[in-house]
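J.: As you go down the protein sequences, you meet chains W and X in turn.
Quick note: the first sequence uses the numbering used here, first residue 17, plus one each step.
Quick note: the second sequence uses the numbering used here, first residue 126, plus one each step.
Be aware that one or more of the hints could be misleading.
[What the hints assert, rightly or not] Computed Cβ-Cβ distance ranges for the label pairs, DEER-style:
hint, chain 1, residue 1, chain 2, residue 2, range
1, W, 18, X, 193, 25 to 31 Å
2, W, 28, X, 163, 37 to 43 Å
3, X, 139, W, 127, 40 to 46 Å
4, W, 125, X, 240, 30 to 36 Å
5, W, 28, X, 140, 36 to 42 Å
6, W, 42, X, 179, 49 to 55 Å
7, X, 147, W, 68, 33 to 39 Å
8, W, 19, X, 187, 19 to 25 Å
9, W, 97, X, 195, 25 to 31 Å
10, X, 130, W, 125, 28 to 34 Å
11, W, 33, X, 196, 46 to 52 Å
Because the hints were derived from the structure by calculation, they are not lab data.
From the three backbone atoms N, C-alpha and C, an ideal C-beta is built for every residue, glycine too.
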Amino acid sequence: QKEVEQDPGPLSVPEGAIVSLNCTYSNSAFQYFMWYRQYSRKGPELLMYTYSSGNKEDGRFTAQVDKSSKYISLFIRDSQPSDSATYLCAMTVYSSASKIIFGSGTRLSIRP
Amino acid sequence: NAGVMQNPRHLVRRRGQEARLRCSPMKGHSHVYWYRQLPEEGLKFMVYLQKENIIDESGMPKERFSAEFPKEGPSILRIQQVVRGDSAAYFCASSPPGVANTEAFFGQGTRLTVV
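Make the full structure from the sequences, and use the hints.
T.: Encoded structure:
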């Protein structure tokens, strides 16, 4: 079983829709949860990170963490064609010596 | 404030040659990670280094691969005697010192092609 599971998609939605992207994980020691966006042939770009359970909002993006279910989500409101990319979840434990583990990424396409 | 710099962006090597990939972290960052990404796949952790120390190399193949992050200069990922299966995008990320690695910033990657 992978430490982090993410549906690869592809996910296609019309412009303006609300997008929900999700990951599950197995290691209960994970405490920091991150979302990255990766455009084709580019490096991943950090969107936001959250600590432990709860919500965090940044503009059109909301990250949610449910540690009891080992489930994290990223919501994108008012989706735009420029949001079309691959979204990767990532997580790590509370330690300066811990590696960051990534999901396999979900490919998202926003139709104009 | 330059971001994470990787070079070269593209590298072509013949089977059996050596590949050297370089990564200069962001200013003030002392942690470096290397990841490999195959087409249509996620990022696979390879190695995590701090200055002059390998912290976690659990993702590195046992043979032919090595990494270093010297006191001065960039981090180097070295692949000896490359094979076709080594063809991939290799990404480096860096993060600032601290109690937890929550903000890792990535370079644009080096795309290695073995012919």
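J.: If a hint holds in the structure, say so; if it does not, say that too.
T.: Here is how each hint holds up against the structure:
A beta carbon spacing of about 29 Å between residue 18/W and residue 193/X agrees with the range 25 to 31 Å that was offered as a hint. Roughly 23 Å separates the CB atoms of residue 28/W and residue 163/X, a value that falls outside the hinted 37 to 43 Å. The hint said 40 to 46 Å for the Cβ distance between residue 139/X and residue 127/W, and at roughly 43 Å that hint holds. As the Cβ distance of residue 125/W to residue 240/X is approximately 32 Å, the hint placing it in 30 to 36 Å holds.
For the pair residue 28/W and residue 140/X, the supplied restraint of 36 to 42 Å holds, since their beta-carbon distance comes to about 39 Å. In this structure, residue 42/W and residue 179/X break the distance hint of 49 to 55 Å, their C-beta atoms being roughly 26 Å apart. Checked against the given bound of 33 to 39 Å, the beta carbons of residue 147/X and residue 68/W, roughly 36 Å apart, stay inside it. Taken as a hint, the range 19 to 25 Å holds for the pair residue 19/W and residue 187/X, whose Cβ atoms sit roughly 21 Å apart.
Between residue 97/W and residue 195/X the beta carbon distance is about 44 Å. The supplied range of 25 to 31 Å is therefore violated. Restraint check, residue 130/X to residue 125/W: a C-beta distance of roughly 30 Å satisfies the suggested window 28 to 34 Å. In this structure the supplied range 46 to 52 Å holds for residue 33/W paired with residue 196/X, their Cβ-Cβ distance being about 50 Å.
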